[in-house]
Amino acid sequence: MACRETASPVASSGPAVRLCSAPPRSPLLKHTILFLAANPLGTERVALDEEARAIHEELERTGHRDSFELVTRWAVRPLDLLRELRKLKPTIVHFSGHGGRGDSRPGAGPHRDVVGEPDAVDERQQGGLFFQGTNGQPQLVSTAALKETFGAAGSSVRLVVLNACYSEVQAEALLAHVECVIGMSGSIGDDAARSFAIGFYGTPAGLVGGSDPMKTESRPMPTK
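Take 1490 as the starting number for the sequence shown in the numbering used here and just add one per residue.
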(Lines of atoms letter the chains of each structure in order from A and count residues from 1; the text may use other names and numbers.)
(Lines give C-alpha, C1' and ligand atoms only; values in the text may rest on other atoms or scores of the structure.)
Protein backbone atom coordinates (compact mmCIF):
# COMPACT_ATOMS: atom_id res chain seq x y z
CA MET A 1 0.00 0.00 0.00
CA ALA A 2 1.41 3.35 -0.94
CA CYS A 3 1.99 5.94 1.73
CA ARG A 4 1.10 9.26 0.16
CA GLU A 5 -2.62 9.55 0.75
CA THR A 6 -5.44 11.49 -0.96
CA ALA A 7 -7.66 12.26 2.02
CA SER A 8 -8.11 15.94 2.84
CA PRO A 9 -7.20 17.40 5.21
CA VAL A 10 -4.38 15.09 6.25
CA ALA A 11 -1.94 15.71 9.07
CA SER A 12 1.70 14.98 8.50
CA SER A 13 3.36 12.74 11.07
CA GLY A 14 6.65 14.56 10.67
CA PRO A 15 8.32 17.58 9.12
CA ALA A 16 10.22 17.89 5.92
CA VAL A 17 13.88 17.29 6.59
CA ARG A 18 16.50 19.41 4.78
CA LEU A 19 19.98 17.93 4.74
CA CYS A 20 23.06 19.69 3.34
CA SER A 21 26.56 18.27 3.11
CA ALA A 22 28.69 20.76 1.15
CA PRO A 23 29.15 24.49 0.54
CA PRO A 24 27.31 25.92 -2.48
CA ARG A 25 29.00 25.99 -5.86
CA SER A 26 29.26 28.97 -8.18
CA PRO A 27 25.86 30.20 -9.42
CA LEU A 28 24.56 29.22 -12.86
CA LEU A 29 22.68 31.48 -15.25
CA LYS A 30 19.74 29.07 -15.49
CA HIS A 31 18.75 25.99 -13.52
CA THR A 32 16.85 22.98 -14.85
CA ILE A 33 14.26 21.49 -12.50
CA LEU A 34 13.55 17.87 -13.42
CA PHE A 35 10.09 16.95 -12.09
CA LEU A 36 9.61 13.18 -11.94
CA ALA A 37 6.11 11.83 -11.27
CA ALA A 38 5.01 8.24 -10.67
CA ASN A 39 1.56 7.00 -9.61
CA PRO A 40 1.55 3.30 -10.58
CA LEU A 41 -1.44 0.99 -10.68
CA GLY A 42 -2.42 -0.27 -7.25
CA THR A 43 -1.28 2.88 -5.45
CA GLU A 44 -3.50 5.68 -4.20
CA ARG A 45 -4.39 8.17 -6.91
CA VAL A 46 -2.76 11.52 -6.15
CA ALA A 47 -2.85 14.84 -8.01
CA LEU A 48 0.73 14.95 -9.25
CA ASP A 49 -0.31 17.05 -12.25
CA GLU A 50 -1.69 19.67 -9.88
CA GLU A 51 1.62 19.73 -8.02
CA ALA A 52 3.56 20.31 -11.24
CA ARG A 53 1.09 23.02 -12.25
CA ALA A 54 1.47 24.71 -8.86
CA ILE A 55 5.27 24.71 -9.14
CA HIS A 56 5.05 26.23 -12.62
CA GLU A 57 2.69 28.94 -11.35
CA GLU A 58 4.98 29.76 -8.43
CA LEU A 59 7.95 30.15 -10.77
CA GLU A 60 5.88 32.52 -12.90
CA ARG A 61 4.50 34.44 -9.92
CA THR A 62 7.86 35.14 -8.30
CA GLY A 63 9.27 36.71 -11.45
CA HIS A 64 12.22 34.30 -11.53
CA ARG A 65 10.91 32.16 -14.38
CA ASP A 66 13.95 33.06 -16.48
CA SER A 67 16.23 31.51 -13.85
CA PHE A 68 14.53 28.10 -13.93
CA GLU A 69 13.34 25.68 -16.59
CA LEU A 70 10.77 23.16 -15.37
CA VAL A 71 10.92 19.84 -17.24
CA THR A 72 8.25 17.26 -16.37
CA ARG A 73 8.37 13.50 -16.87
CA TRP A 74 5.30 11.36 -16.16
CA ALA A 75 4.80 7.70 -15.27
CA VAL A 76 8.55 7.47 -14.79
CA ARG A 77 10.24 4.08 -14.89
CA PRO A 78 13.42 3.27 -12.97
CA LEU A 79 15.76 3.64 -15.95
CA ASP A 80 14.22 7.03 -16.78
CA LEU A 81 16.02 8.52 -13.80
CA LEU A 82 19.44 7.52 -15.08
CA ARG A 83 18.64 8.56 -18.65
CA GLU A 84 17.23 11.97 -17.74
CA LEU A 85 20.11 12.77 -15.40
CA ARG A 86 22.54 12.12 -18.24
CA LYS A 87 20.47 13.89 -20.89
CA LEU A 88 19.27 17.02 -19.06
CA LYS A 89 22.00 17.47 -16.42
CA PRO A 90 19.49 19.12 -14.06
CA THR A 91 20.37 21.31 -11.11
CA ILE A 92 17.27 20.26 -9.16
CA VAL A 93 15.53 16.87 -9.15
CA HIS A 94 12.01 16.77 -7.69
CA PHE A 95 10.38 13.34 -7.22
CA SER A 96 6.65 13.34 -6.56
CA GLY A 97 4.84 10.11 -5.82
CA HIS A 98 4.87 7.26 -3.34
CA GLY A 99 7.51 6.14 -0.90
CA GLY A 100 7.49 3.24 1.50
CA ARG A 101 9.05 1.85 4.60
CA GLY A 102 10.81 -1.49 4.57
CA ASP A 103 7.56 -3.39 5.11
CA SER A 104 5.74 -1.74 2.17
CA ARG A 105 4.68 -4.05 -0.66
CA PRO A 106 2.19 -2.20 -2.90
CA GLY A 107 0.78 -4.01 -5.88
CA ALA A 108 2.08 -7.19 -7.45
CA GLY A 109 4.96 -8.08 -9.72
CA PRO A 110 8.74 -7.88 -9.44
CA HIS A 111 10.53 -5.15 -7.52
CA ARG A 112 13.86 -4.41 -9.16
CA ASP A 113 16.44 -1.70 -8.77
CA VAL A 114 17.84 0.89 -11.19
CA VAL A 115 21.53 0.05 -11.05
CA GLY A 116 23.52 -2.89 -9.75
CA GLU A 117 22.68 -6.24 -8.23
CA PRO A 118 20.85 -6.65 -4.89
CA ASP A 119 22.91 -7.41 -1.81
CA ALA A 120 22.55 -10.67 0.09
CA VAL A 121 20.20 -8.83 2.44
CA ASP A 122 17.01 -7.77 0.67
CA GLU A 123 17.40 -4.04 -0.08
CA ARG A 124 13.66 -3.58 0.22
CA GLN A 125 14.12 -3.67 3.98
CA GLN A 126 15.53 -0.14 3.59
CA GLY A 127 12.42 1.12 1.84
CA GLY A 128 12.63 3.24 -1.29
CA LEU A 129 10.62 5.10 -3.90
CA PHE A 130 8.00 3.52 -6.13
CA PHE A 131 8.46 4.13 -9.83
CA GLN A 132 6.25 2.60 -12.54
CA GLY A 133 7.20 -0.74 -14.04
CA THR A 134 6.77 -1.68 -17.69
CA ASN A 135 3.49 -3.38 -16.76
CA GLY A 136 2.18 -0.28 -15.00
CA GLN A 137 2.65 -1.83 -11.56
CA PRO A 138 4.76 -0.30 -8.76
CA GLN A 139 8.47 -1.02 -9.03
CA LEU A 140 10.57 -0.30 -5.98
CA VAL A 141 13.81 1.62 -6.44
CA SER A 142 15.81 0.93 -3.31
CA THR A 143 17.80 3.43 -1.30
CA ALA A 144 21.06 1.82 -2.45
CA ALA A 145 20.02 1.99 -6.11
CA LEU A 146 19.07 5.66 -5.85
CA LYS A 147 22.42 6.45 -4.26
CA GLU A 148 24.31 4.55 -6.95
CA THR A 149 22.34 6.21 -9.75
CA PHE A 150 23.07 9.73 -8.53
CA GLY A 151 26.69 8.75 -8.02
CA ALA A 152 26.91 7.58 -11.62
CA ALA A 153 25.04 10.41 -13.37
CA GLY A 154 24.09 13.12 -10.89
CA SER A 155 27.16 15.36 -10.83
CA SER A 156 25.12 18.38 -12.00
CA VAL A 157 22.50 18.00 -9.26
CA ARG A 158 22.70 20.42 -6.34
CA LEU A 159 19.30 19.86 -4.76
CA VAL A 160 16.94 16.87 -4.56
CA VAL A 161 13.36 17.11 -3.29
CA LEU A 162 11.71 13.78 -2.40
CA ASN A 163 8.04 14.70 -1.98
CA ALA A 164 6.98 11.22 -0.92
CA CYS A 165 6.29 9.41 2.34
CA TYR A 166 9.12 8.07 4.48
CA SER A 167 11.84 9.45 2.20
CA GLU A 168 14.19 10.71 4.91
CA VAL A 169 16.33 7.56 4.63
CA GLN A 170 16.81 8.11 0.91
CA ALA A 171 17.59 11.79 1.54
CA GLU A 172 20.35 10.88 3.98
CA ALA A 173 21.84 8.38 1.53
CA LEU A 174 21.90 10.87 -1.36
CA LEU A 175 24.03 13.29 0.65
CA ALA A 176 27.00 11.22 -0.50
CA HIS A 177 26.54 12.77 -3.96
CA VAL A 178 24.22 15.80 -3.62
CA GLU A 179 24.78 18.99 -1.62
CA CYS A 180 21.22 19.38 -0.29
CA VAL A 181 18.37 16.87 -0.11
CA ILE A 182 14.85 17.24 1.28
CA GLY A 183 12.90 14.18 2.38
CA MET A 184 9.85 13.41 4.51
CA SER A 185 10.31 11.84 7.93
CA GLY A 186 6.83 10.32 7.99
CA SER A 187 3.58 9.97 6.08
CA ILE A 188 2.31 12.95 4.10
CA GLY A 189 -1.10 13.53 2.54
CA ASP A 190 -1.60 14.67 -1.03
CA ASP A 191 -2.83 18.15 -0.11
CA ALA A 192 0.02 18.65 2.37
CA ALA A 193 2.59 17.52 -0.21
CA ARG A 194 1.23 19.97 -2.75
CA SER A 195 1.14 22.78 -0.17
CA PHE A 196 4.77 22.06 0.70
CA ALA A 197 5.77 22.32 -2.97
CA ILE A 198 3.94 25.64 -3.33
CA GLY A 199 5.60 27.09 -0.25
CA PHE A 200 9.03 25.75 -1.10
CA TYR A 201 9.19 27.01 -4.67
CA GLY A 202 7.54 30.35 -3.92
CA THR A 203 10.33 32.53 -2.44
CA PRO A 204 11.45 32.42 -5.24
CA ALA A 205 11.03 28.82 -6.25
CA GLY A 206 11.81 27.99 -2.62
CA LEU A 207 15.44 28.88 -3.37
CA VAL A 208 16.46 32.37 -2.31
CA GLY A 209 19.37 34.66 -1.72
CA GLY A 210 21.45 37.28 -3.48
CA SER A 211 22.62 36.65 -7.03
CA ASP A 212 22.34 32.88 -6.63
CA PRO A 213 18.73 31.63 -6.39
CA MET A 214 20.08 28.23 -5.37
CA LYS A 215 20.79 29.41 -1.83
CA THR A 216 18.34 27.41 0.28
CA GLU A 217 16.05 28.46 3.09
CA SER A 218 14.60 26.11 5.73
CA ARG A 219 10.80 25.87 5.91
CA PRO A 220 8.45 24.06 8.29
CA MET A 221 6.35 21.23 6.89
CA PRO A 222 2.64 22.16 6.59
CA THR A 223 0.44 20.03 8.84
CA LYS A 224 -2.68 20.12 6.67
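Keep in mind the hints are simulated off the structure, nothing from the lab.
Built from N, CA and C at the ideal position, the CB exists for glycine as well.
Misleading hints may appear alongside valid ones.
[As the list claims (entries may be wrong)] Derived DEER-like restraints, expressed as beta-carbon distance ranges:
no., residue 1, residue 2, range
1, A1641, R1550, 33 to 39 Å
2, E1661, K1576, 33 to 39 Å
3, E1533, T1623, 28 to 34 Å
4, E1661, A1641, 27 to 33 Å
5, L1530, R1572, 37 to 43 Å
6, N1624, D1555, 38 to 44 Å
7, N1624, C1509, 35 to 41 Å
Right, here's what the structure says about each hint:
Taking 33 to 39 Å as the suggested C-beta distance range, the pair A1641 and R1550 conforms, at roughly 36 Å. The hint said 33 to 39 Å for the Cβ distance between E1661 and K1576, and at roughly 27 Å that hint is violated. For E1533 and T1623, the Cβ-Cβ distance of about 21 Å falls outside the hinted range of 28 to 34 Å, so the restraint is violated. At roughly 19 Å, the beta carbons of E1661 and A1641 sit outside the given window of 27 to 33 Å.
With their beta carbons about 22 Å apart, L1530 and R1572 fall outside the hinted range of 37 to 43 Å. Look at N1624 against D1555: about 41 Å separates their beta carbons, and that is inside 38 to 44 Å. For the pair N1624 and C1509, the beta carbons lie near 38 Å from each other, so the given range of 35 to 41 Å is met.
This entry does not satisfy hints 2, 3, 4, 5, going by the numbered hints stated previously.
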